[in-house]
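Please arrange chains S and G on chain R, whose structure you already have, making use of the hints.
Chains as they are written, first to last, in this note's numbering: chain R, 1 to 196; chain S, 1 to 638; chain G, 1 to 152.
Simulated from the structure, these hints should not be mistaken for lab results. All values derive from a computational prediction rather than experimental measurement. Ideal Cβ positions, reconstructed from N, Cα and C, are used throughout, including at glycine. Possibly wrong hints are sitting among the right ones.
Label-pair distances were calculated between CB atoms; the ranges are [to be verified]:
id: 1; chain 1: G; residue 1: Lys-50; chain 2: S; residue 2: Val-404; range: 40 to 46 Å
id: 2; chain 1: S; residue 1: Thr-520; chain 2: R; residue 2: Ala-119; range: 48 to 54 Å
id: 3; chain 1: S; residue 1: Asp-545; chain 2: R; residue 2: Glu-60; range: 51 to 57 Å
id: 4; chain 1: R; residue 1: Gln-39; chain 2: S; residue 2: Pro-80; range: 26 to 32 Å
id: 5; chain 1: G; residue 1: Leu-138; chain 2: S; residue 2: Arg-117; range: 34 to 40 Å
id: 6; chain 1: S; residue 1: Val-618; chain 2: R; residue 2: Gln-39; range: 55 to 61 Å
id: 7; chain 1: S; residue 1: Ile-150; chain 2: G; residue 2: Gln-101; range: 52 to 58 Å
id: 8; chain 1: S; residue 1: Thr-421; chain 2: R; residue 2: Ile-10; range: 52 to 58 Å
id: 9; chain 1: S; residue 1: Glu-542; chain 2: R; residue 2: Leu-115; range: 41 to 47 Å
id: 10; chain 1: R; residue 1: Arg-101; chain 2: G; residue 2: Lys-50; range: 52 to 58 Å
id: 11; chain 1: R; residue 1: Ala-119; chain 2: S; residue 2: Pro-561; range: 28 to 34 Å
id: 12; chain 1: S; residue 1: Thr-535; chain 2: G; residue 2: Leu-138; range: 44 to 50 Å
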Amino acid sequence: MKIKMAKLLIPSAVVLIISITFMLALDQKDDNLTASPLQGKPVPAFSAPSLLQTDKTLTESIFILAQGDGLPTYSLLNVWASWCVVCKIEHPYLMQLSNNRSLKLVGLNYRDQRLSATALLEQTGNPYQQVIYDHDGRIALNLGVLATPETYLIDSKGMILFRYTGELNESTWLEYFQPLIKQQPNNLQLTNNKAD
Amino acid sequence: MIPEIALFCLIVTCFCAFLGMLLPIIGAVRNNNHLISYAWPLSYASFIFASSSIVLLAYSFTVDDFSVMYIAQHSNTNLPYFFKIAAVWGGHEGSLLFWVFSLATWSAAIAFVNRNRNKIFISRVLIVMSFLTLAFALLTLLASSPFERIFPVPLQGRDLNPMLQDIGLIFHPPLLYLGYVGFSGAFAFAVAALTMPDLNIDWAKWSRSWTLIAWVMLTGGIALGAWWAYYELGWGGWWFWDPVENASLLPWLTGTALLHSLIASEKTKSLMNWSLLLSIFTFCLSLLGTFVVRSGVLTSVHAFAVDPTRGVLLLCILAICLIVPLTLFVARSGSIIVPRLQSLYSREVLFLVINSLFAVITLTVLLGTFYPMLFQLFGLGQISVGAPYFNAVFVPLALLVMLVMGGSPYIHWKKTKITTTKVIKNKLFQQTIAAFTLSAIAYLFMDQRATLFVFVVLFIISWLLVSLFFHRLSLKSLAMTVAHFGVVILSVGILMVSYFSTEVSEKMGPGVTVQLDDLTIHYHQTQWRVAANFTAQQAKLEVIDANNKSIMLTPERRHYPVRVMNMSEPAIKGQWFRDIYITMGEKIGKDSYAIRIQNRAFIAWLWLGSILMMLGGVLAIVNRVFANLNNRKLQNSE
Amino acid sequence: MRLLSTYIVIFFSVFSHSLWAQQDSKNSLNKLFIAADSERVQQVETFKFKNQNEQQRAIKLARELRCPQCQNQNLIESNSPIAKDLRLEVYIMVNDGKSDQQIIDFMTLRFGDYVLYKPKLNPQTYILWGAPIVLLLLFSWFAFRNLKKLIK
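With the rest of the complex left out, here is chain R:
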């Protein structure tokens, strides 16, 4: 009799497990965290003109950072374009980050017209130390860029640590980027940063 009772509970148990699985699946949708396959790998080799200094050619070596007091220890590569709406939304936060001396902000101007891109930077301010001009989207393709804006955290040896697709703001910065940055008491003091 007992065995029969136990048997009767099998369907309920199975269906319950399936339902819980679906509930969990309904809950976990986060498109912004598609891990980049390049995570832990160096920035792919490239050679492209600088957006603002037309005669200058930039290569992946711009992500190799010299060690030294007061010098940046991480690069932040931000993929943007003048036609990208969300890029404009996150622009003020990038301006804020550019005050952080431990970060080297590099822009990747993606599939844009040089004139409209420079005009926008003049108008709203330039948070970047260098801007790569990727007119045909070749570099973005090699980086595996999914959509603009996209932000990559790169260490001083030019290794990609993390990729975030979508708007960068204070909460995403604190949640995903900040924990990856090794605390260095001297030069990591974010302005307006409430976290320790």
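Just chains S and G now, kept in the frame of chain R:
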């Protein structure tokens, strides 16, 4: 005022369905026949109120009452009249109301047709139907009412999605829903049977007609969807193995197995377990499909207004529809009769094999569809399971099914009459030779694209085709022959379109000529076309074939101003052995467009095959109706 | 106009359910991506292959690769700029005589295994690829046991 009356009708439907469930249950517990018989009038009442509700919504659509949010979002004063009606089921809320309406219609029909049969049993069937009507009516009322008002009232509606403004899509969704909902009949019969003290009643016999109707509708719905995708989307594909498509295929697969299983259960009381479980799972898979589509739990191109609350409610309904019947099944499994087999060479065994194969296919497609979800859930990252996987696993299994189908002529119910195995062997040998000859001849006509695999598929198709001729053709087996012949035609179409289609993409403008196979395509001019709710740029192309016969084709790019959408409308010339399919792509250069010309081999055979399969189903229904009438006459004359 | 074309992509859907479409939040990624230049469009839309075999191989391959930024569409069916870029990449690599495996490696290196509609066979997909065979054996055994019991 009208929308409020419609809302009120829906509330009354809930009420009737609730009573229709409650009173007969009390009646069954107290053994009160009077209470039990309430199941009938209450079924009719919920049908009347549910249909009033949907008719009133349709009326509000026709008078452009944009104070109703649902209408404002899915209609427009410029929308043609036809599409205003179709817009009733053009959105999530309305389509749920359509579910309620079809459930109520179905239960009223079951109540009416079976009014003279076993009263206790049918009342239980109606209890289950009332429960389903109630569940969906509540879901519509609480989580997705199409009657909500907005203020201020917009002057103009947002228009129906241009994708939906198409004749194929007026009928595709309701057919699909009628198919899904239709399987609720099979479900209700199975659940009711499980509650009966004596499981040995004729439920399989009564359930079969309802299952057949549902199957025909679902087949039609899926085929219409594939046809629509083919002529509307502009790249000539017809099946993409998207989760939402798989969701409609799953109940079709179990439904097809169920149809066959029910025949065995009706004729020899065998495969009863299978029939019960397939009835339950077929409807639950329909519910699962609805859940997948409306909750957004899987990533699909079929963007739907996704709402997790609705998802959770649907999941609850699904859980109840699984737990209760399956627990009943476990409890009653001891009392389900399993008759002894007289011979291994019997149709029961053949159907057991077919059922098993369909179960394997269903579970495989189910796993493939949900694998990415589970993968992510276990923290393994993201993965895609798409067409190449499904083709790789589905095609061999489907071929296996066709091999077994081709073995049916020699095998009879209970015991195969040809006693000597020698005769069977002889017949099988003849069939193999005939099939081999047929496929070899077909193979010789093909060009170098025909691989060994193509030959194997050809052989299996021929094997099935030949077996149909080996059958003794009778009025009784006509339905089966037609349906199986449909499978043959469909498979030929799928094989040919996959292996022998060609295409070319060219920059074309006035004066440009392009060659594809035997066709010469000449671009004459670009012209404008203005319709009520869109404007279009049209390319005028002349296609000349090997026999110097010339036809004009005009693919176009449409712009729908209300939704600010652009759509490409391909031009298709359908022929028996190929479709010429031309799409107008983006504008490149001054007066030039990217024109894609495709030669889709044998595509018409897909639609023909589907129609034959449906026709087979219809013939089977007609057969049963006549048989029933005859039975009644016999009873009357006795 | 470009924004429109990406919207259309979202709406390209096969079954009705879908069609009731209003974009959900997940499509936000598509909205972000709006650049496309006609020069590239022309290149990909009217690509010249060396011969028909190469064309068929390229199309088949592009069909088996997922547009990394779309809901669920392959490189042929999607009209989004990134899909066109990648489709062109596939076409060029095919014309350059690269093998299917080389092209697949190129794609997965950048976008991960996610872009493969035909999942690789590895411990994580043993269940997926093994399922049909295991199920077939299971049901055969089940049917066989049943039949043995039922026949005397």
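Given the hint of 44 to 50 Å, check if Thr-535/S and Leu-138/G actually sit that far apart at their C-beta atoms.
For Leu-138/G against Thr-535/S, whose Cβ atoms are near 58 Å apart, the range 44 to 50 Å is violated.
So the hint says 52 to 58 Å: do the beta-carbon atoms of Arg-101/R and Lys-50/G match that?
holds, 55 Å
Go ahead and decide if the range 28 to 34 Å is satisfied by the Cβ distance of Ala-119/R to Pro-561/S.
holds, 31 Å
Holds or violated: the 52 to 58 Å window for the beta-carbon distance between Ile-150/S and Gln-101/G?
At roughly 56 Å between Cβ atoms, Gln-101/G and Ile-150/S fall inside 52 to 58 Å, so the hint holds.
Does the Cβ-Cβ separation between Val-618/S and Gln-39/R fall within 55 to 61 Å?
holds, 58 Å
In this structure, is the beta-carbon distance linking Thr-520/S and Ala-119/R contained in 48 to 54 Å?
The hint (48 to 54 Å, Cβ to Cβ) holds, given that Thr-520/S and Ala-119/R are roughly 50 Å apart.
Do Leu-138/G and Arg-117/S keep their Cβ atoms within the hinted range of 34 to 40 Å?
38 Å Cβ-Cβ, so the 34 to 40 Å window holds.
Taking 52 to 58 Å as the stated bounds, is the beta-carbon spacing between Thr-421/S and Ile-10/R within them?
Given a distance of about 42 Å, which is not inside 52 to 58 Å, the answer is violated.
Given the hint of 40 to 46 Å, is the C-beta distance from Lys-50/G to Val-404/S inside that range or not?
Holds - the Cβ-Cβ distance for Lys-50/G and Val-404/S, about 44 Å, lies within 40 to 46 Å.
Tell me if the beta carbons of Glu-542/S and Leu-115/R are separated by a distance inside 41 to 47 Å.
Since the Cβ atoms of Glu-542/S and Leu-115/R sit about 44 Å apart, the hinted range of 41 to 47 Å holds.
Starting from the range 26 to 32 Å, see whether the pair Gln-39/R and Pro-80/S falls in it by beta-carbon distance.
Violated, at about 53 Å.
Within 51 to 57 Å: is that where the Cβ-Cβ distance between Asp-545/S and Glu-60/R falls?
Check passed, 56 Å falls within 51 to 57 Å.
Going through the hint list in order, the structure does not satisfy hints 4, 8 and 12.
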